[in-house]
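> As they're listed, the protein sequences go chains A and B. When we follow the numbering used here, the leftmost residue of the first sequence carries the number 1178, and every step to the right adds one. When we follow the numbering used here, the leftmost residue of the second sequence carries the number 1178, and every step to the right adds one.
Quick caveat, the hints were computed from the structure, so don't treat them as lab data. The beta-carbon is built from N, C-alpha and C at its ideal position, and this holds for glycine as well. Careful, some of the hints might be misleading.
To be verified - Per label pair, the in silico range of CB-to-CB distance:
no., chain 1, residue 1, chain 2, residue 2, range
1, B, D1511, A, D1449, 24 to 34 Å
2, A, E1349, B, T1205, 54 to 64 Å
3, A, D1264, B, E1375, 50 to 60 Å
4, A, E1349, B, P1209, 53 to 63 Å
5, A, D1273, B, K1268, 48 to 58 Å
6, B, E1444, A, D1277, 53 to 63 Å
7, B, R1180, A, D1381, 33 to 43 Å
8, B, E1244, A, S1530, 30 to 40 Å
Residues per chain are reported as follows:
2 protein chains.
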Amino acid sequence: MFRINENFLKLQGSYLFSTIASKVSAYTEANPDKKIIRLGIGDVTLPLCPAVIDRLHSAVDEMAVKETFKGYSPDLGYEFLRKAIADHDYKERGVDIDIDEIFVSDGAKSDSGNIGDIFSVDNKIAVCDPVYPVYVDTNVMAGRTGEFDKDKGVFRDVIYMPCTAENNFIPELPKETPDIIYLCFPNNPTGTTIPKAELQKWVDYALKVGAVIIYDAAYEAYITEDDVAHSIFECEGAKACAMELRSFSKNAGFTGTRLGFTVIPKELKCGDVTLNSLWARRHGTKFNGAPYIVQAAGAAVYTPEGQRQIKEQIAYYMNNAKIIREGLKSAGYDTYGGVNAPYIWMKTPHGMSSWDFFDYLLQKAGVVGTPGSGFGPHGEGYFRLTAFGDTENTKEAVERIIRTC
Amino acid sequence: MFRINENFLKLQGSYLFSTIASKVSAYTEANPDKKIIRLGIGDVTLPLCPAVIDRLHSAVDEMAVKETFKGYSPDLGYEFLRKAIADHDYKERGVDIDIDEIFVSDGAKSDSGNIGDIFSVDNKIAVCDPVYPVYVDTNVMAGRTGEFDKDKGVFRDVIYMPCTAENNFIPELPKETPDIIYLCFPNNPTGTTIPKAELQKWVDYALKVGAVIIYDAAYEAYITEDDVAHSIFECEGAKACAMELRSFSKNAGFTGTRLGFTVIPKELKCGDVTLNSLWARRHGTKFNGAPYIVQAAGAAVYTPEGQRQIKEQIAYYMNNAKIIREGLKSAGYDTYGGVNAPYIWMKTPHGMSSWDFFDYLLQKAGVVGTPGSGFGPHGEGYFRLTAFGDTENTKEAVERIIRTC
C-alpha cells in the first residue's frame, strides 16, 4: 500500500493567500454591489511595458516560422538572457557573476520552494518572523521543521528570528546555530530593509558557522536608499555562503508571465560538492525551462527602453507607497516600510488581532490587506498593505481606512 | 554546517539528453562542415499552428492594457483551460473529470518529477525498463531507490519491469509488490503501446495491492489504433488508483512554450487523505501557474481550427515515423513502435552496444539518435529514433543509416 508524505499533514490551514481569496470571494458574493479595493496579495496591476509587449509579439512571430521556431530551451536558460542578467544586475554593480552561475526559472516562488531538494532533510533552518510563508511551508513539506506547537504558533525545529518595531525589523544573529538561513531584503512582508553593513554581518556569521544563506532579492528594484545592497554578492565573502533568488514579477510586472532566476556561485560548496552542480542537475531533471517567448521578453527588460519603462512603473507604485505611508502616519497610525519596498507594514489599531482587523476592514471599509499573523507569530498585531494598486483606489483605500478605524 | 541531499550523489552520469548534447556539440565543433540530422531528443520542429499563434498575439495584447492585464493565475490554472480539457480530453471519451481534478502546469516533465513530493520516501517504485529517465532520477534524488548496482546497472530498491521484443514490450505484473507504478503509454522510449484490456489488468492489479499508478499519457495524440486507451480513466476503477500526466509538448508543439496538466481524481486516497488535496497544496505553495498567455494558447488548441491544425502536424510526424519504420524494416532491421507514437525503437545492428551505435552513427552518418541503454539496462542493444524531424531530413537520415550500417 502506497504511503503519502505525512509532513504535509503538519501544514497549518491552507496557503495564506488562498484563505484570503476565499474570504474575499465569500464577501463579494454576499455583497455584489460593494466595491472592494485589494491591497492584499502583492500582485501588480499595471500592464506589461511596451518594450516587453513588443518583444513578446516578435518572439511569438518567431514561433510561427519553422526557421526561427524554438523547442526545448537550454537547461540553464537562454544565454542571451543570462548574459543580460550578468551584465546589468551584477557587473554594473561591480559583482562578477558567470553566466553558468545563473539559472533561469519560472519564478522565485518555485525556486524558493524547490531549492530544498538539494539539501539534506536534517538541516536546521532559520527564518525571520514574520516571513514569506513559502519558506516555512516548503520546509514543512520536506520534513525539516518538526511538529507545530499550537500554543506558540511555531514549528518546534525552526529557528524564528523576530523582526518587530522594537528591533527596527532587523533580525538578531540567532543563539542556536542554523544550517540554512532565509533572508529577504527589502523584506516581504514588512517592507523594511537593512543597511549593507548589517547584511555583511550576516555573511560573516554564515561563513563562521558554515551556514548557507538563501537570499531573496525579489524586491531589489524598489531600493531608493544608497546604503542598501541590491545583491548579497555586494558583500565580501558572500559567494562562498550565499545563493540569491531574483524575480521579474515585481520589477517588470511578470506575476502572470512567470520568470525568475537563481544565482549559485561555484564557490558555494559542501565539502567538494558545489551547490551549483546539484542545482544544475535538479534544474535539468525536474524542469524544462521557462517559455522561449517569456525569456525573450525578460531580456527586453534590460534594454534602454525596457529599463526606462519599468522605472516609471516602479515610481508609480512607490508613489502609492508614499500615499499609504504618509496618509496613515498623518492620521496617527504606526507604519513602517514603503521606502525601499512596495509594502507598508502597519500596527493594527486599538490592539486588534491581525485577522480581526482583516475582517473588520473587509466588512466595514471594503479594503483587503494581509493579516500580519499570517506571516508568523511576530506578525501578530500588524497588517500589510501593498502599493501595487491603482493610485486612485489606493487614495480611496487610505481614506476608507482612516474613516473606519 | 549545512548538509546537502546526499541522494544526488547516487545519480549516474549526467541527465541522458545533456550527455548527448555534449557529444553532438563536440562533434560539430570538430566537424563544422558536416550536416548533422538530429533524431535524438524528442523535440518537435514544426512551428506553432496558426490558431495558437493568433491566440498568443491576442493574449499578449491583453497583457498590454490595464483592463485586461493578468497577474497571478488561479492556483489550479484558468478555468477556461481546465474546462476545455475536461470537455475535450475526457467528456468526449466518456470520462467524467471535474475541473477541480485538473492541475495546469508548465509541463509533464516538471509534474512527473515534482509529484514525488506528496509521497513518503519509503514507497517502493516500479518502472518499465527501458524508461523515461526522469521517473527514476527524480526518485533517486528523493531517496527512494537505494544505491546503484554498477554490475547490474540498476538501483537496488527499484522494481524494474523489462519491456523487450521478447514480451512485445508489454511489462508483466511484478513479482515483488510495488507502491507506486510508473506507466507511460504510448511508450517513450519504445514507441509501442498496450491494448486497453492489458491496461485494465494494471488498474485491477493496482487496486488489489493498494498501489498508485502514475500514468504518463504525453503521447496519446499519436494513437491510431482503436483498442488503445487515450486515458487510463477509460479503464474501470482507475479513478481510485491512478493519476494521469498530460502535455501540450508533443501534440501541439509546446516543448519551448511549456504547458501540461495532471489529473488527480478525488477518489484517489490514502486512508482519508485525497492525493488531490495534497497536490493542490503542493501546487499552491511551490508553483505560481503557467503564464496566462500560454494558458490562453493552450485553450486555442481545443478550438475547431486548433484541432484541425494540430492533427495535420501529428500526421506529418507520423508520416516520418512510417518512413523510418518501413525504410529500416525493408533494409532488414528489427524495428518497433511508430504506429501509435512518434518513436521508432530499433535493434542495433551486428550486436553493437547502444552507445557504440550512437557514436558510430554520429561519426559515420552524422545522424543523432538516443542510445537505448540510456533508458535502462533492458534498453541495451536498442536505439531510439524520433519522428519529430523534417521529412526530407528524415528520409536522408534513413538512407544514411542504411548506407552506413
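> Indicate, hint by hint, whether the structure satisfies it.
Here is what the structure says about each hint:
| no. | hint | in the structure |
| --- | --- | --- |
| 1 | D1511(B) x D1449(A): 24 to 34 Å | violated, 45 Å |
| 2 | E1349(A) x T1205(B): 54 to 64 Å | holds, 56 Å |
| 3 | D1264(A) x E1375(B): 50 to 60 Å | holds, 56 Å |
| 4 | E1349(A) x P1209(B): 53 to 63 Å | holds, 59 Å |
| 5 | D1273(A) x K1268(B): 48 to 58 Å | holds, 56 Å |
| 6 | E1444(B) x D1277(A): 53 to 63 Å | violated, 46 Å |
| 7 | R1180(B) x D1381(A): 33 to 43 Å | violated, 21 Å |
| 8 | E1244(B) x S1530(A): 30 to 40 Å | holds, 36 Å |
Figure legend: structure checked against the earlier numbered hints; hints not met, in rising order: 1, 6, 7.
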